[in-house]
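Student: What follows is each chain in one-letter form.
2 protein chains.
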Amino acid sequence: MGNRYIKINENDNVAITVNAISAGTMIMEGIVANQDIPQGHKIALYPIPEGGAIVRYGVTLGYAKQPIEKGDWINEHMLELPIPPSLDEMKFGTNLVTDLPEPPARTFMGYPNPDGGYGGTRNILGIVTTVQCVTGVLNNAVKRIKKELLPKYPNVDDVVAINHAYGCGVAINAPEAVIPIRMLQNMVKHPNFGGETMIISLGCEKLTLEMLLDEEYNIQENVVTFQNEMGHVAIMEAIMNMAENKLKKLNKRVRVELPLSQLCIGLQCGGSDAFSGVTANPSAGYAADMLVNAGATVMFSEVTEVRDGVHIIAERCVNEEVGKKLADEMKWYDQYLNNGQVDRSANPTPGNKEGGLSNIVEKAMGSIAKSGASPIVEVLSPGERPTKKGMIFAATPASDFVCGSCQLSSGMTLQVFMTGRGTPYGLEAAPVIKVCSRDDMINMWQDLIDVNAGPIATGEATIQEIGTLLFNEIIDVASGRKHTFAEQYEIYNDFTLFNPAPIT
Amino acid sequence: MGNRYIKINENDNVAITVNAISAGTMIMEGIVANQDIPQGHKIALYPIPEGGAIVRYGVTLGYAKQPIEKGDWINEHMLELPIPPSLDEMKFGTNLVTDLPEPPARTFMGYPNPDGGYGGTRNILGIVTTVQCVTGVLNNAVKRIKKELLPKYPNVDDVVAINHAYGCGVAINAPEAVIPIRMLQNMVKHPNFGGETMIISLGCEKLTLEMLLDEEYNIQENVVTFQNEMGHVAIMEAIMNMAENKLKKLNKRVRVELPLSQLCIGLQCGGSDAFSGVTANPSAGYAADMLVNAGATVMFSEVTEVRDGVHIIAERCVNEEVGKKLADEMKWYDQYLNNGQVDRSANPTPGNKEGGLSNIVEKAMGSIAKSGASPIVEVLSPGERPTKKGMIFAATPASDFVCGSCQLSSGMTLQVFMTGRGTPYGLEAAPVIKVCSRDDMINMWQDLIDVNAGPIATGEATIQEIGTLLFNEIIDVASGRKHTFAEQYEIYNDFTLFNPAPIT
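For the record, the sequence lines run as chains A and B. The numbering of the first sequence is the numbering used here, which starts it at 1 and goes up by one. The numbering of the second sequence is the numbering used here, which starts it at 1 and goes up by one.
One should not assume that every hint holds.
No copy labels: a pair is met if it fits in one copy or bridges any two.
[Said to hold, decoys possible] With a Cα cut of at most 35 Å, we get these calculated DSBU-like pairs of lysine-lysine:
1. K70 to K252
2. K70 to K324
3. K152 to K325
4. K249 to K143
5. K189 to K353
6. K91 to K248
7. K389 to K147
8. K324 to K388
9. K248 to K147
Note that these hints are calculated values from the structure, not bench results.
With the hints as extra help, turn the sequences into a complete structure.
Tutor: Have a look at this one:
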């Protein structure tokens with residue numbers, strides 16, 4: 001048996017337990033558990049007085065509500081949340097790491113895109129809708145396309161409808177409506193759709209074709225409008241005809257060797273536990289640093305999980321302009337939550353807490369670990385497309401499906417998803433590699449988790465080893481040599497727009 | 001050829017055109033069109049000075065921005081929106097109509113429910129999810145259930161998953177979170193699901209089983225939790241086993257003759273035009289009054305489409321308490337829109353305007369027509385269940401799919417949907433009868449529109465005739481003797497929660 005505890009920073013006055021332990025167990029010289037402690041939960045390494053700082057990752061997670069004895073189990077009820085870091089006094093560019101780890105590869109096999117954008121990892125007939133009204137008919141059409149047409153075009157992987165709850169019955173001119181509209185505009189251009197996206201519209205909706213599409217794309221070859229067709233049978237026929245034309249073109253796409261500068265991946269975590277920040281997330285960070293070193297674009301996200309560590313991210317921003325946008329995105333979200341009478345403490349879930357994460361500060365420190373050490377070259381508003389290559393903070397909600405959808409809109413063609421508690425999460429428009437934080441998880445879900453970072457907790461593997469393994473997995477999946485479990489079982493979450501504006 | 005114009009109230013100084021007319025056409029004695037006027041658009045019957053009231057339905061739609069000549073086409077750019085009616089000085093109970101039209105039937109053939117609630121119109125295996133995370137796996141399970149199990153249980157009509165974007169990554173303790181949570185709680189109890197709803201949960205989400213379910217329903221027979229199962233294959237097996245058990249029970253349900261007091265229907269309009277308020281909506285109102293006379297529950301909704309006519313609705317509220325809740329719901333929505341920096345004028349769509357509806361006042365007057373003349377016995381917050389029978393204002397957004405989902409949560413088992421511009425809209429958990437407002441629409445979409453109210457515009461049928469026809473259609477569809485076009489083609493919109501609270 002390997003480690004019994006994990007202490008991360010020399011200044012920490014707590015450690016987490018590798019396994020559940022009973023009261024009386026000695027976890028290290030001089031530290032005996034005073035109570036039964038669940039797996040991944042914190043144990044006090046020193047006595048902490050009432051009001052004293054509880055420190056993990058070298059960071060104050062919170063202040064003790066009551067005196068804590070050495071060996072005590074520290075749960076979420078024992079911490080007072082600290083005030084979040086100020087957004088107006090951050091230092092930018094003071095921690096720009098240049099010696100990133102050497103990648104084992106610098107190319108992948110992808111689908112080149114004509115407009116010089118990112119290469120595709122899958123070859124998909126994408127269908128973007130202007131409005132939810134068309135969804136019922138379109139879903140039936142997609143079934144027919146998959147059954148009647150797709151088998152004739154073996155180079156095309158799938159047919160994916162981007163259905164959503166937007167497009168009408170919404171305040172389309174509200175200031176925040178820019179977010180969902182931008183997300184849909186950018187989905188039309190997703191690299192996996194190869195410039196042949198079909199557009200399905202009703203005809204009387206608020207999100208007009210003019211708002212959604214570039215002028216040159218708003219032509220008959222690309223758009224079916226239901227109210228221009230003579231009923232259901234005619235609508236279906238119009239969709240089927242367009243699909244066949246598009247499939248013919250997409251079928252000509254072939255994979256070629258592309259530099260990693262044409263790969264755009266996204267990182268996310270969900271259902272995190274106390275191991276996430278020491279196993280799965282740092283492994284992803286290591287793989288991300290290798291990808292950045294090879295010229296790739298890597299996005300990390302989840303505003304409420306960065307908020308409490310924003311000063312650390314700020315120091316990695318390459319310049320004042322990037323840092324300023326980071327602060328702006330954080331302020332926007334602070335205000336958004338405040339409008340709903342909540343704050344960032346609304347983020348953690350019952351599962352996070354069961355998994356040992358006491359509060360949003362502890363969750364944030366683990367979440368940030370996925371971004372590695374690379375300099376941050378750009379900050380994106382939700383659903384914006386990158387203009388730089390390298391490590392990018394793409395501001396999004398932390399909700400798994402909303403973050404995934406925002407990253408898709410930003411052009412992400414493969415996502416790496418770290419989980420502690422386990423989720424079957426998948427996206428239809430891009431493959432998702434799921435990485436778990438502990439052995440128990442993969443032992444339970446061997447047919448849902450692609451990579452296990454658990455051996456890091458028990459000392460049987462290093463972050464570098466799992467990180468390199470994950471890098472290779474990313475290249476294999478991006479190149480179509482491997483398919484994730486979510487792809488094999490076709491487990492796909494709904495595309496979920498972020499709409500902070502009112503509906504009408 | 002019948003009418004050339006429709007004038008509604010003797011005080012109106014405008015009429016609408018039954019068909020598109022050319023400049024120079026005389027529509028009635030002394031009124032000649034000064035311009036080409038599209039179908040359903042307004043023509044001035046008298047000169048209107050700058051600042052003068054433009055009156056339709058006997059109500060001021062707005063004030064002329066410039067002088068208008070007799071015979072001029074009045075479009076949406078020519079009206080200044082009036083201030084909305086005050087919510088603090090409304091009169092309640094001053095217009096309580098008791099002589100409602102006599103219904104041709106007082107019973108329907110429905111599925112009785114044990115708890116004394118509304119009867120079902122369909123026999124459905126309903127599956128409610130706690131969180132979007134489970135959707136990918138569940139959708140595959142539903143396909144398997146429909147293919148492998150459903151054919152063995154011929155008395156069961158369908159298998160319906162209530163997927164949604166809620167459950168985690170949301171501010172679950174925000175004040176407004178009560179709305180989406182209530183909607184899901186009430187979907188578990190939907191009359192068409194016969195008390196045998198399956199619950200699918202992940203395990204670490206914020207919307208816990210304890211929050212979703214009554215204590216006695218939160219048992220192993222009703223719930224599959226993914227994180228308690230050993231991977232994907234085991235999860236699928238658990239779902240399939242539970243589905244078979246539930247199908248066995250549901251298969252024993254039989255239709256019996258039920259009084260209409262056990263029927264709960266919803267009314268909605270979408271893609272409205274200037275005819276909606278004179279053909280389809282008043283016909284639905286007439287049918288609704290007959291249903292209420294027979295003891296049924298009829299809900300109408302869409303806050304932003306009632307707001308400008310709220311004083312008319314207030315007069316029909318049976319008492320002060322009902323009227324007070326009406327005012328509260330309107331105030332809540334005013335504030336909700338204001339928080340997003342918009343107001344009720346954000347409601348109308350490009351399609352509404354093309355269809356002749358100049359602004360929200362004109363749209364509201366048409367929208368309210370669907371509620372007939374019945375006294376209003378109750379006002380519901382979004383997704384609440386009725387406690388009274390009769391005409392009910394169920395406050396919801398006007399978004400078709402959100403309103404439909406809210407009404408489903410309130411227990412509606414059949415919806416009547418009026419449309420001017422045309423939408424293929426349908427709901428999976430309850431049949432939707434689509435009624436169009438003009439002949440052109442049904443001529444175009446003969447396989448999507450169930451009932452045509454267009455002959456009222458041309459003078460070839462009366463509101464009473466079409467209303468009676470619609471009443472009979474409602475009884476036939478509710479009784480399972482008829483299936484709507486949306487059901488025949490399986491055209492179903494997504495279940496769409498109303499979540500005014502922030503996501504995290």
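Student: Compare the structure with each hint and give your call.
Tutor: Results of checking the hints against the structure:
no.: 1; hint: K70 to K252; in the structure: neither (66 Å within a copy, 62 Å between copies)
no.: 2; hint: K70 to K324; in the structure: neither (42 Å within a copy, 58 Å between copies)
no.: 3; hint: K152 to K325; in the structure: neither (47 Å within a copy, 59 Å between copies)
no.: 4; hint: K249 to K143; in the structure: both (20 Å within a copy, 30 Å between copies)
no.: 5; hint: K189 to K353; in the structure: between (39 Å within a copy, 31 Å between copies)
no.: 6; hint: K91 to K248; in the structure: neither (53 Å within a copy, 65 Å between copies)
no.: 7; hint: K389 to K147; in the structure: neither (39 Å within a copy, 47 Å between copies)
no.: 8; hint: K324 to K388; in the structure: within (16 Å within a copy, 56 Å between copies)
no.: 9; hint: K248 to K147; in the structure: both (16 Å within a copy, 31 Å between copies)
The structure is inconsistent with the numbered hints 1, 2, 3, 6 and 7, although it conforms to all the rest.
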